[in-house]
Every structure is written in structure tokens, then in C-alpha cells.
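The listed protein sequences derive, respectively, from chains U and A. Using the working numbering, the first residue of the first sequence is number 300, and each one after it goes up by one. Using the working numbering, the first residue of the second sequence is number 95, and each one after it goes up by one.
Derived from the structure by calculation, the hints contain no laboratory data. Only a predicted model underlies this, so the values are computations on that prediction, with no experimental measurement involved. Accuracy of the hints is not assured; some may be wrong.
To be verified - Partner residues are not named here, just some residues of chain A that face chain U (Cβ under 10 angstroms, in silico): (1) Thr97; (2) Met113; (3) Arg215; (4) Asp250; (5) Glu254; (6) Phe256; (7) Arg258; (8) Trp262.
Where is the CB? At the ideal position from N, CA and C, for every residue including glycine.
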Amino acid sequence: MLFNSLHFLVFFPIVFFLYWALPARLRNYLLLLASSYFYMAFVPYYIVILFALITVTYLLARLTEKSSGRQRLFYTILSVSVSIGMLFVFKYFNFFNANLEALSSFLHWNYSLQALSLVLPLGLSFHTFQVLSYTIEVHKGRYPAEKKYLPYALYVMFFPQLVAGPIERPAHLLPQLKAVQVFDYADAISGLQLMLWGFFKKIVIATPLAILVDFVYGRVAQADSSAILLAVIAFYFLLYADFSGYTDIARGAARMFGIDLVQNFRLPYFSRSTAELWRRWHISLSSWFRDYVYLPLVWNTDRGQRLGIIVATMSTFTLMGVWHGASWNYIIMGVIFGFYICFSMVSKPWRDKISHFIGLNAMPRVMGAVQIATTFCLTVVAWVFFRTADLHQAFLVLSGLFTKWGSDAFSYITCSSYCSFYIFGISKKELAIIAVSIAGMIAYEYLQDAKIPLPAWLNRRSLRWSFYYIFILWILFSGYFTSKTFIYFQF
Amino acid sequence: MKTFLKNLGLFLLPLLALMAPPFIVLLVSGEFIPLHTIEELSRGKQTILVGTAYNDFRLRYQLDETIARHPEVLALGSSRMGTFRAAFFNNTSVFYNATGGNGNVLSGYHYFVEELSTPPRIIIASMDPFMFQPENAKNRTVTRPNPFTVRIKSYDPFLESFFRDRGWWKTYADYFAGKFTLDDVSVSRTTDDLMVIGLRAAAYGGGFTNDGSDYYGTFSQRGALSEVKKFAATITETNGDEFGSGVYPEAIAELRTFLSESKAKGITVIGMIPAIAPMEYERLRSFPHAYYAEAFRNLGNILTVIYREYGFDLYDFRDITEFGSSDAEMIDPKHASEKMSMRMFIHMAKQNKKLGAYANIPYLMEKLISATSTFEVFGLR
Numbered sequence: 300m301l302f303n304s305l306h307f308l309v310f311f312p313i314v315f316f317l318y319w320a321l322p323a324r325l326r327n328y329l330l331l332l333a334s335s336y337f338y339m340a341f342v343p344y345y346i347v348i349l350f351a352l353i354t355v356t357y358l359l360a361r362l363t364e365k366s367s368g369r370q371r372l373f374y375t376i377l378s379v380s381v382s383i384g385m386l387f388v389f390k391y392f393n394f395f396n397a398n399l400e401a402l403s404s405f406l407h408w409n410y411s412l413q414a415l416s417l418v419l420p421l422g423l424s425f426h427t428f429q430v431l432s433y434t435i436e437v438h439k440g441r442y443p444a445e446k447k448y449l450p451y452a453l454y455v456m457f458f459p460q461l462v463a464g465p466i467e468r469p470a471h472l473l474p475q476l477k478a479v480q481v482f483d484y485a486d487a488i489s490g491l492q493l494m495l496w497g498f499f500k501k502i503v504i505a506t507p508l509a510i511l512v513d514f515v516y517g518r519v520a521q522a523d524s525s526a527i528l529l530a531v532i533a534f535y536f537l538l539y540a541d542f543s544g545y546t547d548i549a550r551g552a553a554r555m556f557g558i559d560l561v562q563n564f565r566l567p568y569f570s571r572s573t574a575e576l577w578r579r580w581h582i583s584l585s586s587w588f589r590d591y592v593y594l595p596l597v598w599n600t601d602r603g604q605r606l607g608i609i610v611a612t613m614s615t616f617t618l619m620g621v622w623h624g625a626s627w628n629y630i631i632m633g634v635i636f637g638f639y640i641c642f643s644m645v646s647k648p649w650r651d652k653i654s655h656f657i658g659l660n661a662m663p664r665v666m667g668a669v670q671i672a673t674t675f676c677l678t679v680v681a682w683v684f685f686r687t688a689d690l691h692q693a694f695l696v697l698s699g700l701f702t703k704w705g706s707d708a709f710s711y712i713t714c715s716s717y718c719s720f721y722i723f724g725i726s727k728k729e730l731a732i733i734a735v736s737i738a739g740m741i742a743y744e745y746l747q748d749a750k751i752p753l754p755a756w757l758n759r760r761s762l763r764w765s766f767y768y769i770f771i772l773w774i775l776f777s778g779y780f781t782s783k784t785f786i787y788f789q790f
Numbered sequence: 095m096k097t098f099l100k101n102l103g104l105f106l107l108p109l110l111a112l113m114a115p116p117f118i119v120l121l122v123s124g125e126f127i128p129l130h131t132i133e134e135l136s137r138g139k140q141t142i143l144v145g146t147a148y149n150d151f152r153l154r155y156q157l158d159e160t161i162a163r164h165p166e167v168l169a170l171g172s173s174r175m176g177t178f179r180a181a182f183f184n185n186t187s188v189f190y191n192a193t194g195g196n197g198n199v200l201s202g203y204h205y206f207v208e209e210l211s212t213p214p215r216i217i218i219a220s221m222d223p224f225m226f227q228p229e230n231a232k233n234r235t236v237t238r239p240n241p242f243t244v245r246i247k248s249y250d251p252f253l254e255s256f257f258r259d260r261g262w263w264k265t266y267a268d269y270f271a272g273k274f275t276l277d278d279v280s281v282s283r284t285t286d287d288l289m290v291i292g293l294r295a296a297a298y299g300g301g302f303t304n305d306g307s308d309y310y311g312t313f314s315q316r317g318a319l320s321e322v323k324k325f326a327a328t329i330t331e332t333n334g335d336e337f338g339s340g341v342y343p344e345a346i347a348e349l350r351t352f353l354s355e356s357k358a359k360g361i362t363v364i365g366m367i368p369a370i371a372p373m374e375y376e377r378l379r380s381f382p383h384a385y386y387a388e389a390f391r392n393l394g395n396i397l398t399v400i401y402r403e404y405g406f407d408l409y410d411f412r413d414i415t416e417f418g419s420s421d422a423e424m425i426d427p428k429h430a431s432e433k434m435s436m437r438m439f440i441h442m443a444k445q446n447k448k449l450g451a452y453a454n455i456p457y458l459m460e461k462l463i464s465a466t467s468t469f470e471v472f473g474l475r
């Protein structure tokens, strides 16, 4: 079930009202039932796989807690193997098999294994990582294994974050699921606001931008550099609006049940370095990799020395690329981000010298702007590998960015709206609406992050409601209402 | 919780009040009817007229229908072939009109054919000049891969009609502009023989019917001739409308792919350059030194040579007066009426034996001569 569907518009209020109408002891049963229904709206029989994963990891966590030494390690490894194994079969087997076949053919070996014809269960990477987090926390003794099946099943299946995160940790989500929730007016209102904000990002920004991006990426050979440039920049905004929009809806929906989900984005456009970007972008994933891959690697390779950090960084980001999908594009995207961070670390002394030499470090605001712009450009380049279907297309886009600056570049600015439609798939008016909406999105989120309090007179109900009505009308008039799925559902 | 519900109710009340009237209008007029229901109805015995006002599902619909019906003769192309009817054929079930949705050789005629497990025997394909105009066509390049497998996966009639393109708001705008009345919606045009679906069909009888062809309803009676005249006057030495500075090579390449793939599948392609309103045609000829003059003169020859290479015929109907028609038979400046389409069809059926085998030409001639309407011969049956 898509958040941006009529189905969800009916489903969610029913679950919400039933949840608060039911006695507290029955609410989690309702949430599990609703989550199962939500998940089954995609591919019904995959619910069996999800419950199998939940049941096996639940039992193994119980066994892990009761045992010690090698036995404890055995149960943990078994649980991790089951989780990763499931992910491998569904998501990576065919990729691994195809590459092994290509390598065998190159080395003249005789290797042939039938490719699997399986549909990837939605959100498998997300709930697998949530399960892994639980398994590791129990193994480390940082969180006790759940005695009851229901809260744990809900921890994995809670429908707002079931298919695209944020990836929760047991210490944050499980106690909330076990607590008796009391209806809180402020939470319900802020949950609704957050959901509305998420719908705005998806419907007004992400969906029309997807038309533009798909249009240009679909005809890279014909598009000139200016169109490609606009499309690659648009993709960054699209990806953010789509994924953070989903997260906002998820967090808002959860908040209406009294559950707080972790923040997944914090103004990534204001990052001054790639390392900072990943502290602001998909925070639940990057912090997962930091805690369970990067830090153990750093301390187990070179005890925090530079080489150890470089190896750990490259390995972590390569794995993050792999997490995104079974394709060389994602792997290269991860490698590029890893390279950015390592290069930034290695080059810091001479970059500092250059800024000192040209006097940039004496102008912190200018310095900040340069850093933000540089990080933005580097990120845009890396996202090319995220968007393109294969490496050939990625290189076509990257070369097209620099080699096709004809005399009529930017002609779409002066041409008629009709012509813009045939360059970008949307009209100039629509482009202007998106640009205004993006500016509004960044400004609002900046103000929210800076926690600048609103003047008291703005808090009057009549003004607030008027603002909400205008905002809703803006969504209704400028939004693209299609059944287009969220990008991160594929992971 | 009570305060929350009360405030939420109060907040939503104006929004619901705003949305309710268009919702009711669109619901009653049948705009929310699911696509599969329309598909089932179109294959039934009852005549349907589907004219939705605020959504466009024709690309998906026509492909579904063509796949389900296995027509022996298929019309493919722009809306200018929209009035080619199954009634032109001896057996009406042999023909399906899939024009309008996939209206351009560049948007993938060959992709459409690739989707068909049972290919038709004959395809009548429109070769409109705009498809080959470089200034226009270079920006319309087909999006690969196959647009039919990536663009039209899902269709939610409520979402598409009510929210997409602001259908709820346009309902208000069109109502206050007098484009429909509440009587149009409340007094159904549906009878035992005819089922009317959609606001456009309810308001003025426009839409498509079981064979996929278009009806213009009362729209065609709104001074089409004066519109044609006005439009012809807009053509100047620097504005050839859809004739450009040459013939776009990529469009030709797409055409070749379509023709060669069709030939390989045993399909006979009959190409036709659709009719131009005679007033417009004369106006175009009156500027022999215009930048578009060469394309205007040569397009027919260029396409004929290509068609012959594959053993197919191309018919150039731009000068429709040669076939006994006139401006009066135009629905609007761009679209031929059923009567004009029938003239084109009869000519092609006479010339092309394979197509001719499906039609009773003397009968069609007789119907054409005896038709009293300016636009229609058979009408909506």
C-alpha cells in the first residue's frame, strides 16, 4: 500500500481511530494486524517470509541471551546468517551469479547456475537491518531479548516504517511499543502536520521532478549539457523530497499512535563535507553502518590509525552501496562517497594551507558557502550512479554534462512553455512551481532545525488554520497525484 | 481525543464542502468507473460512449483492448484518424481504432506492435507532418525502453480524475464557464442501447466508442467552418504550423524500424498522410518561398519512397478536395469528420486489395452519397 494512495487515505484513519478506541492491551494486536494488511497489499504471500524471519530471529535471540561463550556466538552467527542469507537469496544472488558467470567465462572456467526468478520483497533491506540491529544488541548484552513475541514482531513490522525505514534500534522502539500509550493531543496534531509535510514533498516536489528526471535521463543522447545539468541537480532534490517525504509521513503516522521514530534527515543541503552529509542524510542507515561496521573495523584493523580509517571508510561505504542494490552502479556510488571522505581527510592539511593562502579562512561565511557548494556538486555527481540504469548510461550522463554546451544552451529559458514541455516533460510554469516549492521546503526545514520560535500572534488558531488551508490548496493545485511509488521501496 | 476529533472535524469541514460538489458531479457522470469495467463494457453488446473530462487513460486502454481483441485491421496514429469506424468494414469485429493515445511514430508505433502477441494483418498508420518536423520532433524523441512497459503500469480513476490535473477544480471552472449543466449530469443520456460514461460524454456526447473511434457529439456543430477559416488565416510565410524546415531523420529511422518489424511479422502497413482543411492547404501553397515550403512539397514523396522499399503503400490525403471533400466536412481545423474519413478509407480500399477485401465499396459509396449529415454517415450505433 502506498502512502500516496486512496487506499492509505481510508486505511490510516480507520486504524488510528480503532487504535485509540481499543483497550491498551489490544492495541498492539491491532497494529500487527494492520501492519500485516499493509504489507500484504504489495505481495500477499511474502508475509510468510517476513514472519519466518521474525520467528527465527526471535527464538535465536532468546537462546543467545540464555547462553554464553561459543554457544552464544553460535546463535548470534546463526541469526545473522539467516537474516543476511534471506537478503542474499532475494536481492543479491542473481547479481552475484551473473558476475561469477562473467568471471568464469573470462577465465575459461565451466560455471553455470540458473538465475532465480524472484520478486524482491518490499523493504527487505530495511527490516533485515532492523533485525540485525536487534540480534547484535542482544549478543552484546546491551538489550535484553524480548520475552514476548508480539512487541518484537511489531518492532520489525510496524507499518509506518515497514518498507522504507527509518531503521530503528531496539532500545529506541521496543520500549515504546511495550509501553501503554496515552493519547496526546499535541502529538496527534504534530503527527498530522508531519504527514502533511511529507505529502507535500512527495506530491508537489518529488513526483513532478521524477517526470523531468525520467524524461532527460531517458534521452541522454539527445539532451544537451544544460538539460542534463538540470536533470542531475533535480535528481538530488527529487531523491531528498521523495525519501524524506516518505520518512516524514512514516514519522507522522507513528507519532499519531504515540510512537516516536528516529529522525532520518537533517538539512543535508547544508553539509560542508561529504562526511557531514552522511550525518545528515539517511541518518538511521549511516549510523547503523557507523556502529556495526565502521567502528568495529577501525578498532580491529589499525586501532584508529589513518590507514585503518581509510580501509574502514572505503569498506563501509562500499557496503552501503551494496545495501542500496545489486548493481555495480550502487557499488560505485558507495566507493565514490568513500573516496570523497578519504580524500577530504588526506588532503585537509594542504587544503587548509590553500584557504589560508587565499585568505578564505578569514571569511568563515564565504568559506562555509564554498564548502556547501562543493559538497553539493560532489554529491550530485555521485547520485548519477544512483539514478542511472547501468554504468554505460552513468558515463553518458557524466560526459554529457561537460561536452554538449551548444550555442543554444539554456534556450528553454527563453522558449515557449510548449518547448519546455518537450525538453523536460513538464512546462515552464510547472518548473517554476517546483522551484518555489523547493525554496519553501528548504527555508521551512532550516527554520525548524534552527528552532526559531514563531511570534505569539502567529500562533492564533485563525492564522494557523488559514495557513494550513493555503498550504493544502497549494498541494491540491500544484501537486502531481499519481500512483508513483517511493524510490526507497525498491530497497 | 474528543477535542482532537472535534477540531479535526471543524478543520476538515470547509475542505469537504469544497470537494463534495465536484466529487458528486464526477461520480455521477461516471468519471470514477474503473478501467477494467470500461474494457469489459466495450467488448459487450451495448454501445458505449466514453468521454472522460479530466483524465486520459487511452494509451493504456487502447493497448489492453488491442491485445484482447486481436483485430485483423488496426488503426494506429494521431487523433486525425479518430473517425475511422468499424462500420466501414463488412465485419465490424475485424477492426479496432487505437489512434489518439499513441499518436506519433516517434512515441513508438513499433513498441505498440511489439506488445501484441497476435499481430494484426493490416495496420493503417497515420503519418502526420508534425511527426516529421525537426523543430518539433527533435524534442519528442521516444523514451526508451519501451514506453508501454514503463509509463502505463497503474491507473487509479479517482486519483487521476479528481486530483491529477486538478479535476475537482476544473469541474467548478467548466461549470461556471457553461461547459456543462447540472442537467447534463443528473439527466442521464444512458439508454438501453447506449451507455454514456464521463462528463464530456454526458455534456455533449463526445468520446470514444466500442471500436475505439471518436465521436464529437454536439461539439462538431459549433461553427467548425469559421474555426477552420480562422485557423487558416494564422498560416503565414514564417508559420507553417506543422511543416518544418525539413524532415527529421530520427523520425524516419523510427518509421523504418516500424515498417521493417511489421514486415517481418507479416503485417501490411498502409500509410496515410491525413487530410488538411482545404482552406489551410491553399494557404500553405500560397507561400512558395516559405522556410517550410520544401518540406510541405516533398514529405509525400519521401514517405512514399520509404513505404515502397518495404512493399507498402502510402496515400497522401493532404489535398482532400481531390476526393470530393471540403472544409465543411472538417470537425475542427485539424480533425476530419467520419464522412471525410470514409472518403479516405474508400480510396485506400479501392487501391489496396488486401484492405479492399474487408470492405464492400459499392455499399459504402451508396451510404456516403445518401448521408444527409455534413459530418456523419453511420453515426453512433
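Results for each hint:
1. Thr97: This hint holds: A:Thr97 lies near chain U, its Cβ roughly 6 angstroms from the closest one there, short of 10 angstroms.
2. Met113: 9 angstroms, holds
3. Arg215: Violated, because the Cβ-Cβ distance from A:Arg215 to chain U comes to roughly 33 angstroms (cut-off 10 angstroms).
4. Asp250: Since chain U brings a Cβ to about 5 angstroms from A:Asp250, closer than 10 angstroms, the hint holds.
5. Glu254: With a minimum Cβ separation of about 8 angstroms from chain U (threshold 10 angstroms), the hint on A:Glu254 holds.
6. Phe256: 8 angstroms, holds
7. Arg258: 5 angstroms, holds
8. Trp262: 8 angstroms, holds
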